[in-house]
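Undergrad: Here's the letter readout for the chains.
There are 4 protein chains.
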Amino acid sequence: MKDLIKGAYEEGIKFADEGVVADYIPELAKEDKSKAGVVLINKDGDIFEAGEVEKTFSIQSIVKVVAYLVALEEIDPERISEAIGVKPTALPFNSVLDVELGGGKPRNPYVNAGAMAVTGLLYEKFGDDTLDLVLNKVRDLADRDSIEVSESIYESERDTAFNNRAIFYMMVARGVFNEDMPVDKVANMYFRNCSILVNAKDLARISSVIANDGLDVVSGKRKFDEKYGRTLRTVMAMCGMYDNSGEFALKVGLPAKSGVGGGIISASPEGIGIGTYCPGLDEAGNSLVGQKMLEIITDELDLYIY
Amino acid sequence: MKDLIKGAYEEGIKFADEGVVADYIPELAKEDKSKAGVVLINKDGDIFEAGEVEKTFSIQSIVKVVAYLVALEEIDPERISEAIGVKPTALPFNSVLDVELGGGKPRNPYVNAGAMAVTGLLYEKFGDDTLDLVLNKVRDLADRDSIEVSESIYESERDTAFNNRAIFYMMVARGVFNEDMPVDKVANMYFRNCSILVNAKDLARISSVIANDGLDVVSGKRKFDEKYGRTLRTVMAMCGMYDNSGEFALKVGLPAKSGVGGGIISASPEGIGIGTYCPGLDEAGNSLVGQKMLEIITDELDLYIY
Amino acid sequence: MKDLIKGAYEEGIKFADEGVVADYIPELAKEDKSKAGVVLINKDGDIFEAGEVEKTFSIQSIVKVVAYLVALEEIDPERISEAIGVKPTALPFNSVLDVELGGGKPRNPYVNAGAMAVTGLLYEKFGDDTLDLVLNKVRDLADRDSIEVSESIYESERDTAFNNRAIFYMMVARGVFNEDMPVDKVANMYFRNCSILVNAKDLARISSVIANDGLDVVSGKRKFDEKYGRTLRTVMAMCGMYDNSGEFALKVGLPAKSGVGGGIISASPEGIGIGTYCPGLDEAGNSLVGQKMLEIITDELDLYIY
Amino acid sequence: MKDLIKGAYEEGIKFADEGVVADYIPELAKEDKSKAGVVLINKDGDIFEAGEVEKTFSIQSIVKVVAYLVALEEIDPERISEAIGVKPTALPFNSVLDVELGGGKPRNPYVNAGAMAVTGLLYEKFGDDTLDLVLNKVRDLADRDSIEVSESIYESERDTAFNNRAIFYMMVARGVFNEDMPVDKVANMYFRNCSILVNAKDLARISSVIANDGLDVVSGKRKFDEKYGRTLRTVMAMCGMYDNSGEFALKVGLPAKSGVGGGIISASPEGIGIGTYCPGLDEAGNSLVGQKMLEIITDELDLYIY
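In the order they appear, the protein sequences are chains A, B, C and D. This note's numbering applies: residue 3 is where the first sequence begins, and numbers increase by one. This note's numbering applies: residue 3 is where the second sequence begins, and numbers increase by one. This note's numbering applies: residue 3 is where the third sequence begins, and numbers increase by one. This note's numbering applies: residue 3 is where the fourth sequence begins, and numbers increase by one.
Bound conformation, chain A alone (with noise of 0.2 Å):
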């Protein structure tokens, strides 16, 4: 296995130079797009791992996983299917004709306009609490109780998510969600919850307790009710990497969510679960490095679910 994650390593890092660094924000820019790193987990809890795998990135839209398990613990079921849909979508994450064509319902909880509804169902239950929600829901899973928000990228999304407060203003104009809702607060809270710093060796440990049903295989403690894995699983697989998902499914075939930062988790429902991380993005917006080694390993392991 060691030499397996060494060899995914090498040869994904020879297409470092095909990707692109996000460049929508401008702390995002500044990311040196020749680094990567991959951590596999096994069902036992041994650790492999290559390449930078403590170098932090933010987290990004990885985080609209842990917000969605939050919401599951947290929230009604009814009044999160009544706010935000399952439905893959051929339309860009951050479309506002998707939310429209949608009557204002978000297609699913990995596309902008859910994960921001998951912020606003958290916040029509816990107010203010709910700043701090999935930053420690991230620690816990991540086993990393220093896990820290970049202000300097929180800064960057709030002063340029302008689309995003255009889709919550949508979702609450059609009735998503009532008028007293504190859009500006409420999405602040989301570019936040984008901001979280992690490095590959968290986003294999949170892709280890989703692959694991719940139970932290390294640490030995349950993380959350077992039931929530094979959802999180499931709406990963359809939803997770962008418009891409379909493409990804036909390549790597394993649940997984991406971010514009660079990382990618992806949980095997056979107990694996693998962090990577490479920050130069293909079209769609997903880690191309990072592709590529998960490629690799799940072809190697046989871990393709389908």
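Since the hints were derived computationally from the structure, they do not count as laboratory data. Here the structure is a predicted model, which is why all the values come from computation and not from measurement. Treat the hints with care, since some could be wrong.
It does not matter which identical chain is used: a pair holds within one copy or between any two.
With a straight-line cut-off of 20 Å between C-alpha atoms, the simulated DMTMM-like cross-links for lysine to aspartate or glutamate are [claimed, not checked]:
{"no.": "1", "residue 1": "K223", "residue 2": "E153"}
{"no.": "2", "residue 1": "K45", "residue 2": "D145"}
{"no.": "3", "residue 1": "K8", "residue 2": "E56"}
{"no.": "4", "residue 1": "K229", "residue 2": "E249"}
Based on the hints, put chains B, C and D in the right spot on chain A.
TA: Chains B, C and D in isolation, oriented as in the chain A frame:
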């Protein structure tokens, strides 16, 4: 002429029951749809009226014409045409889709997106002083200093205008406005303008000034440079009656602008201005009795421009 | 007047290089964009001309006005308004999306969907006899029996008009037409109408008849009932210049209809008809030199209707 | 296993009343929604069944999987991926808008646009011989030579399929296919394929072959190269249940494909194939009882792939 106006009123009011009062904000739903009024000012400044011509109601979208005039007077024409189109549209005046299809640029100054863009352009130049610019212009055109904003309508507008805020954020997200545009504040200025209380007489005075290329034939004072008259009338003719501008052109054939408060202004290039009021609306949001009265008047006076 | 027309021609032709010849079918791409012509007919039937006024070119979308006239004369008005709107649109004339958003009902008779719907309405009544109806009307309005269809242009149109066929099938699928409508055959009738060869003189004659409510002031003959004149001019004013009808209204201010063959007809309600030709188009598909010439003429003669 | 299938049938049929029989063509509306059947074939080729397993019905959209298999076998993969995506979509299977938003390229082979594109790709290579290619493949996979097309259903399909023809013309207009594609003829080939009459047993045999990567475990014969199995199952999992593929993944968790005739095929990567039938559909067009039976079976056998 006196008999014509009286006859138009008596004929038009018969249709009062068929209209539907706007109910998107509670304040509007209280209006009494059996009330109507019509005022015509000929090119000599003679005033003819029938019905309830001093009853006030909110100006709503009619204010878009006045705001556009202020923009024409104050803002560089290139900046205006960069930010706002002059394209009539078959989509509803509050359509998010239409803004998206136009790449964030409003189709014309009389859809909601366009009216907010006008307010944004004024804010770019005047900052907080934008607040009373349009109100003062309404007072000036109508020659009535006691015209005020209805605070209760303004509150209602502001609280329910989530779709408008979504549209404004889309314009910022797509670069029509800079990222330092204070969207909520400027949107509120627009909602406040919509809440200006006018009566049918005021509307006739405004119409008359537009019909006479800026000259107020009642007071003899010039209210704006004559070069703006044609532009105002042309855009009213093309885009003034929401997505029913084509149907209205066939039936009435005059440059006009309606508001969901029940008012319509109508400006003949022959120097005749007409203001009408009746809060019952047709399915496109235009005053039903108002249109009937205009149809009778333009037919009788042969004002049809086409 | 003679000098005005000559001057407009000389001024307009300076812009000939800036236009782009339509190239969606090979036959159109062959046109010489340095050729232009303009013909004005005043209300006394006097004819003034400059440039290449006998050079023929394909009528293209201008034929939509003539076809609409035939429909107004022959088809029950309720059936017309059931099948075709009179709404100007900000979307392109060949937009599938616009037909979908309109529920299958074309926005107006001058987008492609609407023109095919007009042909479909005629086919419902006249069957195969529809074939020459519009051609004969063009001959009658232009007072030239030798007007013919260009078979080579017709072949080209027919072979490339897949988008138009898609739109026609959408109209049948959404119930605007019955399921026994022979879509390909009727679409071909429309393409054939677009391939009618006219010259600037013909266009001026057609314009003049429309300007004079059906009276041909040159021959003294009545060509259609006077009641249709205003309808034709109104819909031209609202929808005649593709999605640039608003911009054209501001610049030229006359009811007009253009075709990608390079022609424009223009009908002043004061009884003046103008036909122009120059195949170089602007980005909206309207003849660039044609618009320039019209701008000069309407400015000089103060024909602006608004 | 025998009891499981019997139990699933008995439990599922209780929901028969809640389904709605498809009525877009008269032939389908005649189906009796109280009839249901289920057949499971395990990886040893043992067959278990309950209910009406020999009653025939039209295969409808399930044939898209077989047609896609023929394309995978016969057409250059680059041409396939140039012409057809593998993106799940949240828009309806017959959406014109989705084709337009995708630039004419169908989102995936299981929306109508994609299935017609598959037929078009086959026609490009095989011409008129395309006619029986898919029918013969259905016969081969189901191991029943007597499978035939229902001429009456085919006639109905063909006569009402105007929306499908619109979509096909859009694909030609946007360059997915050449201009010499005979749209009506090839569309008819697709409609004919939808009209193939199968029974639940046939569907189980087809499912079993797909579940076993091309090996027919009942007859012991290889039906297609093993490399296509995973692709077929992946695209079924992502896109097989119309725009409810996400909801189905959460509930049933198996690669599957439904048809509005009432059938569903379902292929577990563990080598189990299941065919179900019951013509009452849910709001997304998927057999209601069929889904219930699959839910019980996959739950009991723990076949959930995620």
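Undergrad: Now, for every hint given, state plainly whether the structure supports it.
TA: Hint-by-hint comparison with the structure:
Proximity of K223 to E153 under the C-alpha cut-off of 20 Å is found in neither arrangement, the shortest distances being 31 Å within a copy and 58 Å between copies. In the homo-oligomer, the alpha carbons of K45 and D145 lie at most 20 Å apart inside one protomer (17 Å), although the nearest pairing across protomers, at 42 Å, exceeds that limit. When the C-alpha separation of K8 and E56 is checked against a cutoff of 20 Å, the pair qualifies only within one copy, where the shortest distance is 16 Å, while the shortest distance between copies is 55 Å. In this assembly of identical chains, the alpha carbons of K229 and E249 lie at most 20 Å apart only when taken from different copies (17 Å versus 28 Å within one copy).
In the structure shown, a violation is registered for the earlier hint numbered 1 alone.
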